[in-house]
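If you want the building blocks of each chain, they are given just below.
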Amino acid sequence: SQELEQSPQSLIVQEGKNLTINCTSSKTLYGLYWYKQKYGEGLIFLMMLQKGGEEKSHEKITAKLDEKKQQSSLHITASQPSHAGIYLCGADTGNYQLIWGAGTKLIIKP
Amino acid sequence: KAGVTQTPRYLIKTRGQQVTLSCSPISGHRSVSWYQQTPGQGLQFLFEYFSETQRNKGNFPGRFSGRQFSNSRSEMNVSTLELGDSALYLCASSEGNPTFATDTQYFGPGTRLTVL
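Just so you know, the sequences run in chain order V and Z. So the mapping is simple: my numbering equals the position in the first sequence, first residue as 1, plus 586. So the mapping is simple: my numbering equals the position in the second sequence, first residue as 1, plus 5.
Hints listed in this document are in silico derivations from the structure and should not be mistaken for laboratory results. Among the hints, erroneous ones may be present.
Claimed, not checked - The calculated DSBU-like cross-link candidates involving lysine-lysine, where the alpha carbons are at most 30 Å apart (straight line), are:
#1 Z:6 x V:613
#2 V:622 x V:654
#3 Z:18 x V:650
To be verified - Just so you have them, the derived chain V footprint on chain Z, three or more residues with Cβ under 8 Å:
#4 26-37
#5 47-55
Since the structure is predicted, the reported quantities are computational estimates derived from the model, not experimental observations. Here a beta-carbon is modelled for each residue, glycine too, at the ideal position from N, C-alpha and C.
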């Protein structure tokens, strides 16, 4: 099984609706990164969470880290076509390299 | 500041050939990491270079190698290409802090390698 599980694998959301993507680690989290990727392109850094209970927001995207559950959630409010893409989480589990989730493909229906 | 640049963006090679990919990090960044991304395996870590030294290495065969120059630019080389090496190769740069929890990686646009 994956060390870093992302759910759901894909998501189709009506424009204007809210959505949540989850990332759960089987190992202790020392830091958690969220990135967005357009198909076939590089990853764009969104946010980094370090401490348990930490919450960060950027425009309509909010990410939280639950240290006890070893889980992070990414929430998008009032989704727009520009939010479409693949969202990836990367985790620092203290092993000198990040481990990555498989990604969540987000489609926004107009 | 200019972002991470990678060249070439697209490459087509045949089995058995070798290939060299190049990455220029963000100015001031001393760490460069390389990743392979495929639909089946996702994003996988190849290696990381810091101050011209390989600091970390993923679980890839010796056909995959890299180096970093004194200006922090990095190259990765794949020898004896196999069909399974077809992938998007991504380079990421960071300041180089020893713990990832304080060292955000910024990615380049990637090089799409197709092996025929």
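Here is what the structure says about each hint:
| no. | hint | in the structure |
| --- | --- | --- |
| 1 | Z:6 x V:613 | violated, 35 Å |
| 2 | V:622 x V:654 | holds, 25 Å |
| 3 | Z:18 x V:650 | violated, 43 Å |
| 4 | 26-37 | violated (count 0) |
| 5 | 47-55 | holds (count 5) |
Of the hints listed earlier, those the structure fails to meet are numbers 1, 3, 4, in rising order.
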